[in-house]
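Protein chains: 4
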Amino acid sequence: MIPRYSRPEMTAIWEPATKFRIWYEIEAHAGDAMADLGVIPRENADAVWKAKDVEFDVARIDEIEAVTKHDVIAFLTHLAEHVGSDQARFVHQGMTSSDVLDTTFNVQLTRAADLLIADMERVLTALKARAIEHKDTVRIGRSHGIHAEPTTMGLTFARFYAEMDRGLERLRNARDEIATGAISGAVGTFANVDPRVEEHVCAKMGLKPEPISTQVIPRDRHAMFFATLGVIASSMENIATEIRHMQRTEVLEAEEFFSKGQKGSSAMPHKRNPVLTENLTGLARLVRMSVVPAMENVTLWHERDISHSSVERAIGPDTTVTLDFALNRLAGVIEKLVIYPETMLNNMNKFRGLVMSQRVLLALTQAGVSREDAYRLVQRNAMRVWEQGADFKTELLADTDVTAALTPEQIEEKFDLGYHTKHVDTIFARVFG
Amino acid sequence: MIPRYSRPEMTAIWEPATKFRIWYEIEAHAGDAMADLGVIPRENADAVWKAKDVEFDVARIDEIEAVTKHDVIAFLTHLAEHVGSDQARFVHQGMTSSDVLDTTFNVQLTRAADLLIADMERVLTALKARAIEHKDTVRIGRSHGIHAEPTTMGLTFARFYAEMDRGLERLRNARDEIATGAISGAVGTFANVDPRVEEHVCAKMGLKPEPISTQVIPRDRHAMFFATLGVIASSMENIATEIRHMQRTEVLEAEEFFSKGQKGSSAMPHKRNPVLTENLTGLARLVRMSVVPAMENVTLWHERDISHSSVERAIGPDTTVTLDFALNRLAGVIEKLVIYPETMLNNMNKFRGLVMSQRVLLALTQAGVSREDAYRLVQRNAMRVWEQGADFKTELLADTDVTAALTPEQIEEKFDLGYHTKHVDTIFARVFG
Amino acid sequence: MIPRYSRPEMTAIWEPATKFRIWYEIEAHAGDAMADLGVIPRENADAVWKAKDVEFDVARIDEIEAVTKHDVIAFLTHLAEHVGSDQARFVHQGMTSSDVLDTTFNVQLTRAADLLIADMERVLTALKARAIEHKDTVRIGRSHGIHAEPTTMGLTFARFYAEMDRGLERLRNARDEIATGAISGAVGTFANVDPRVEEHVCAKMGLKPEPISTQVIPRDRHAMFFATLGVIASSMENIATEIRHMQRTEVLEAEEFFSKGQKGSSAMPHKRNPVLTENLTGLARLVRMSVVPAMENVTLWHERDISHSSVERAIGPDTTVTLDFALNRLAGVIEKLVIYPETMLNNMNKFRGLVMSQRVLLALTQAGVSREDAYRLVQRNAMRVWEQGADFKTELLADTDVTAALTPEQIEEKFDLGYHTKHVDTIFARVFG
Amino acid sequence: MIPRYSRPEMTAIWEPATKFRIWYEIEAHAGDAMADLGVIPRENADAVWKAKDVEFDVARIDEIEAVTKHDVIAFLTHLAEHVGSDQARFVHQGMTSSDVLDTTFNVQLTRAADLLIADMERVLTALKARAIEHKDTVRIGRSHGIHAEPTTMGLTFARFYAEMDRGLERLRNARDEIATGAISGAVGTFANVDPRVEEHVCAKMGLKPEPISTQVIPRDRHAMFFATLGVIASSMENIATEIRHMQRTEVLEAEEFFSKGQKGSSAMPHKRNPVLTENLTGLARLVRMSVVPAMENVTLWHERDISHSSVERAIGPDTTVTLDFALNRLAGVIEKLVIYPETMLNNMNKFRGLVMSQRVLLALTQAGVSREDAYRLVQRNAMRVWEQGADFKTELLADTDVTAALTPEQIEEKFDLGYHTKHVDTIFARVFG
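Chains A, B, C and D, in that order, are what the protein sequence lines are. Every position in the first sequence, counted from 1, becomes a number in the working numbering once 88 is added. Every position in the second sequence, counted from 1, becomes a number in the working numbering once 88 is added. Every position in the third sequence, counted from 1, becomes a number in the working numbering once 88 is added. Every position in the fourth sequence, counted from 1, becomes a number in the working numbering once 88 is added.
Don't take every hint at face value.
Pairs of lysine-lysine, DSS-like flavour, derived with a Cα cap of 25 Å [unchecked claim]:
| # | chain 1 | residue 1 | chain 2 | residue 2 |
| --- | --- | --- | --- | --- |
| 1 | A | K510 | B | K296 |
| 2 | D | K424 | A | K157 |
| 3 | A | K438 | C | K359 |
| 4 | D | K296 | D | K359 |
If you are wondering where the hints come from, they were derived from the structure by calculation, not from laboratory data.
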C-alpha cells in the first residue's frame, strides 16, 4: 500500500482499529446468540456490549500481544480490561481464532467491494456523460493503429461504459461471493459452538453463513474476488491506453486536464504528459499481480494450513486500496478529459479522403466495373493522394474512367460521414437503454 | 494441447472442420437476414444453403489460402466452388473478417463451456455420492498438517462439493458472458451492414448480440472466461492435493484405484503412486497460466490490434482441452477412490487419545479447577502419552487429581466421537439441501 | 505449439523420433561405461551400438506402450527387437526411467537454447546493421509519447541491440544451467548405478553431471531457464511496440516491409498494418506465461512427485518453439523495416521549433535574464506557435526582448540539431565496441 | 511491505532519508565531475559537499513538494537551504530527474541485493552444517509421497545447499546486472551533460555506466532482477515444503524448534505446527508475484513512459523486504530444526522390509530365476507383509523356493542399508568440494 496511491476511505477499512472493532462486534453478537441458546448467562453476554462505544487502544493490544504472542488472545485480554474479567469470561467460548479472523477478513473485503462498487459507478457516470456529449463527434476509427473508417468519440466512451458496466456486474457477483462468515470451530464441525451462533453473527454482520467451512473459509471465494479485480484493472488499462494514444504528440485528439496555472505547460505547451493514464497502466499491473497468488492460496493442506495468510495480509489491503485509488483517478481523468474535435477531423483527413477508398472500390464494382478495373482505377487515384498529397475526391471527379461509372453525386456520397454514423443512436440505445 | 491430456469431444470443437462449419453457418444466416432486409436477392441467400450438408475440404481451403494469404477469403472462395460463384457473390457482403472470426471464437468457447459444465456436473455427482457414502466415516481433522479434532470423510467430500458447485455457478456466468456475437463491420459502426443482420445471426447461433463492438468483441469477456477456468483449476488442485496427502505412505487413508491385475503393484504393494492427482496438480498450473495473458489481451489499441490473436490461438484450445480432460480425470479418481476407514481410526489414535487433551483441559476449568492447575494436570498426563506411549484416557482415569474434579463418566464422555459429529447432518443439509 | 508459429528446426527437437534417439544414445553410452567398470559384459555394451543407424519406429513403440503402459519399457522392448533380446538384456541396468527422461529433457532444452542463441545472433546482426545505417538519422525523442528532444534512429536500434545483447548473455547462462544430466537411480543415491556411469554419459551427451539429484534433476534450473526466456520475450515486445508506434498512421516513421505486388496495399496505400509486430506482442505473452508454472514446478514432494511433468510436456516445446519463431520473425522485421527519415523530420517540426523551447529558456537565464522573465519571454512566443502555427525561431528573432539577451547567432544555435547528436559516436563505441 | 515480515536492515534502504541521501551524493559527485570538466565553477561544486553530514529533513522536503508538485525540485530547494541558494545554483545542471531517480533506484536494488547475498550465505552455512551433521542419518527416500529407497537426511540438506548455491550465483549475476547508473539527459543523448559526468558519478556510487539509456535505464535489467528473486523464492518454498511434510503428525521426522517454555506445547505436545515454513510458502508467492509485472514493465513507449514507476514503487521495497525477511526466517528454521532420526528409522520400517522388495526381485533374477517366477516369489512374501504385518526378511528366509536361489547371507545383504549410502561421500564431495 503506497500512500500516494491510497484514499483514506479504503485504507480505513484495513486499519488495526477497524479490525479490532469488527472482532469486537463478532464476539459480542456471538455472545448474544450463545445466551439465547442458554449456553452462557445472558448477563455476561450483555456485559460485553458495555464496550460498545469504546475505541480500542491499539498500542495497548500490541503491548499485550508482545507477551501472549497471540493476537486474538491479546485483544480478548484488552476487552476484559473494559468489560471486567469476570464478566468477560465467556467471551469467545467454543470458538477458534480463525472464526474471528476469517469472518473479519470477509467483512473487510465486503466493505472494500462496496467502495469499489461506488467507484465503478462514478466511472460509469463520467463515461456516460462524455459519451452523450460526444455522441456525434466524428473521428477516425483505427485498426492496427492505422486509419480504417470513421466512428465517433461517443462510441468510444460508450464501449468503455459497456465494458465497465460488465465489470460492475462482475464486482457485484464477487462481493456476494465473498460476503460469508464462519464460526464453526477448529475443523469446521461445530463441535464446540452451535451453528445457530454462526447464523446470528453472520446476519448481524451482513454476511451469509458459509455452508461448510473447515477451520477456515474456503479460499476459492477469495481467488474469484481477486480475479475479478484483475479483470476490472485490465479494462481500466484499456481505457488508459486509449487516452495515452490520443494524447501523443502526433495524434493530440485529447489531453488529460492541465490546469491553466500549471507552470511549465505554457512555456512548453507541447509537453503535457499523460502521466495519470500512464500511472493507471502501472496500477493495473499491481492489481493484476494478486490474481495468481490468490489462486495458489486455494490449495490448503487438509482442514487448513496458514500459507495463505501472509499473502492475504499483503494483497487484501494493497489490491483493494490500489484499485480504489485507480478507479477514482480514472473517473477524474474521464470527467475532465480535454477533447479536440477539430484535430480529430484533421487527423481523419491526413490522407485527404483516402480512408474512403474502399467504399469507392465497392461502388465501382456495384456499378458494373470489373474487380480488376475498379481496383486499377482506385489505385491510380489513391497513389496520387499518397505520393503527391492530392485530394482523393477531386482526383476521382477528374478521372473520366471513374465518372463514366459513377455520377459526381454518387462520388460525393461516398465521402458522406453520415453513412458511418447512421447507427450511432441504435448502439447508444443498446448501451444506455 | 497435448494428445495424452485431451478428450475428443473437446478437441473436436477446435478442429478446422468445425471452425469452417461455423463460418459457413454465420455467412448463411447473415445472407438470410440480408435477403429479408432486401439488401441482397433472396435466391442468392437461399443458394448458400445448398452447401448445408457439405463437409468442407480443409486441405483445399489451405491450398487456396496459400495463394490468397487470407483465411476468410480462402474459405469464401471454396464455398463458391460449392454454391457457384455467381450465386455466392453476395456472401459476406458488408462484413469484415473479424465479424466471422470473433463470433466463431465465441461459439467455440460457448460450446467448450457447455462441455465443461457437463464435466463439473460429473465431478459433483461423484463428490456427492462419496460424501453420502462416507458421511459418518470418522477421521482426524488436521490443521497445519497436524492432528486437531475429529471430523468425517463425508465432510471432506461435502466441502469439495460445495466448492465445485460454486465453480459450476461461476462457469455458468462465464459461459453467459462469452456467448455474444458481433457483425458490425470494420470499426463497429454497422456502416456496411444492418444491425438486424447481427441480431438474426446471433439468435441462430445461440448468442446474444454484443451491445457495442469495434472491429472486435471486447476482450474483457474472454479475460473473465479464462480467469474463471483458473479458479476452477485451483479448486481442482485443492482436491487433488488432499488425495495426494491421504495416499502418502505414512497416512494411507485412501488410494487412487489400482486395478488388481496391474503388474508391479502386488510385488511392491507399498508402491502405488497417486500419479493421477499429481498430474492434476500440474494440469491446474497449465490452466491457470492462461489467466494473465488473457488479462493482458484486454487492452487493444483503438478499435483493435491483433496482439490478442496469437494468444487466443493457443489458450483457446489448450486451456479448455486441458481443463476438460482434467475434470474428467478428477471425476474418475473420486468415483473410484479406495478409502481406508480403519487406517483413519488408527491414524487418529496414533497418540492414544491426545487429540482430546483440549477438551479435557476445558472440562477441568469448567469443573472449577484453576487454569494453571488444569494445565498442569493435562500436561503431566499428556507427556506420559507423548514420551512413553501411554493411553491418555487411562492415565487420566488413574490420576486422582483429575478424578477429584471429573467423574470417570465425565472423562469417558470427553473421548466420545459423537461430540464431534453431532452437526454433520446440519452441514449436509446446508450443502445438499 | 501452433503450426503457423513454428519453425521446423525447433519442432524437430521435440519430435518423438528425436526423443527416442536421445534415449538410445543415453542407454548405449551408459552401457559402455558399465562395461568399462566391469558391471556388464563388454560385448553386450557393444551390441547396443548395432542400432546406431536405426531410425526407431515410433508407431511400433506406441503399439508396445499401449500394452506395457510404460514409455521407457516400450522403447527398451523395441530396442531389443533391433539388438536381440539376449544381447540387450543389460540395457538400462540399475537405472530408473527418470534417469533417461530427465537427462533427455535437458538435452532437448540445451539444443533448443542453441537454436535460440543463433536466433538472437541473427536479431543482433540485424539491429547492428540498421543502427549503423541510421546512426545519424535524426528523429524526435519522446517521453510519455510526447515530443521531448531530438535523438537518432540509430540510437534506437543501438539500444535494442544492447538490450538483446544482454538477453543473449542471459540465455547463454540459462543454457549452461540447464545442460546437466543425472543417472543416479530411484532416489539419487547411486545405489544401483555407479556415479562414473553418469559422468561418462553426460560427457558424451554434452552435459555436466548434476552434482546432486534425487529421482529427478532439480527444477530450479528449469525455472531459471523459462524465466530467462520470459525476459527475452519482454525485450522483444519492447522492440515490437516501438515499431507499432512508428507505423501508426499519424506517425508513419517506419513500416513493416510490404512487397510491391501485395494486393490491396496500393489501392489502400494508407492501410498497411503492422501485423507482424502486433503478432510478436502476443507471442511475448505466450512465452511469458510459462514463467510462473515453471517456478511452481520447483517445489516437489520429497525426492520427487510428478506434478511438474504435464507442465513441462506443454511448456518445453511450446515456449521454445514460440520464441524461436518469434525471434526469427523479429529479425526479419528489423532487416526489412522501411524507414522514412523525411517523415521523422516532419514530425519533429510539427510544432515548428517548439521542442527547442527548453534550450532557449536555459539560454536566456544563462544570459542573465531572471527565471521569471525568461519564462515569460519563452511563453509568449511559444503560445504563438502552439495557437497560431507560427515558427518558433522566427518569433524569437522578432522579439526584441529576446534579442536584447541573445544574438541572432545564439538563437540560431539553439536550433542546431548537432547539439543533440554530438555524443552519438561515444554511445555507439560503448555499445558496439 | 508488512511490518511483521520486515527486517530493519532492508527497510532502511527504502526509507525516504536513504533515498534523499543517495540523491544528494549523486548531485554532489555530478558537480565534481562538471567542475573538473570546467562546466561549472569548482567552488560551487565544493559548496555542495558542505551538506555532507546533513540529515535531510524529510518533512520539510514533503512540505516543499506539496507546493512544487515535483519531488526532485523539492529536494533541490531544500538542499539549497543548506548550501545557500547562490552556491547551489549549478546543482543538477543539464540533468533530468530520471538521471537521479533511476540511478538511485539501482543503488537501492544493488544494496538490497548485497543484503540478500548475505542472507543466502547464512542459509548456505546452516544447510551445510546440518548436512554434515546428518550425513549418515538414514531415512526413506520417497517418490510420489510413497516410500521408495533409503537415502540420508544429509543428502536432503546437501541438495538444498546445492540448489541455494545456484540461487546465490544467480543473485550475484542479477546484482551485477542491476548495478548501473545513467546520467544522460531527457532522451539519453547527453545533449546537456557530458558522458564523463555519468562515468564519474557511477564510479563513486559503485555502479557501471549504462552503455545506452534513454530518459531511463532499460527495464530488462529490472525484469531479470525480479525474475531471479522469484526463482530463489521458489527454491525456498521447496525447502519449506519438505519441512512441512516432515513435521506432519504421521511423519514427524522433524519439527521446527519450539522453545521448552512455550505454553500450550506441553499440554498438547502433538500440536506443534510448522507455522514458520507455512509462512515461508506464502511469502514465496509474494516474492513471485512481482515477476510478471516486472516483465510487463520492460515495454516502454519510445524513450520512456512512466507506467513502470508505480509498479516499482511497490515491488522494489516489498519484494526485497519480503525475501530478506523470509531468507532469514528460513536460515533460523534450518539452524534450529529438531530432527528425529529414530522416527526416520521407524517410518522406513513401517512395512517391515518391503522397501527392499525390488532389490530382492533383482537378486532372484540375477540368481537365475525367471522373471515370472521371481515376481511370484516376491509377491507372495510381500503380500504377507502388506496384509498381515509380517516381516519381509523373515518371510523370505522361511520361503524354501527363495532360499533355493539365494543363501541367507545373500538375503541378509539385500537389507543392508550401507548399499544405499555407499556413495554419500562422493556426492558430498561434489557438492561441498
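Against the structure, the hints come out as follows:
Straight-line distance between C-alpha atoms of A/K510 and B/K296 comes to about 22 Å, which keeps the hinted pair within the 25 Å bound. As the CA atoms of D/K424 and A/K157 are separated by approximately 20 Å, the hinted pair is consistent with the 25 Å bound. Of the pairs offered as hints, the one joining A/K438 and C/K359 holds, with about 13 Å between alpha carbons and a cut-off of 25 Å not exceeded. A hinted pair counts as satisfied when its Cα atoms are at most 25 Å apart, and D/K296 with D/K359 does not qualify at roughly 53 Å.
The structure is inconsistent with hint 4 alone, although it conforms to all the rest.
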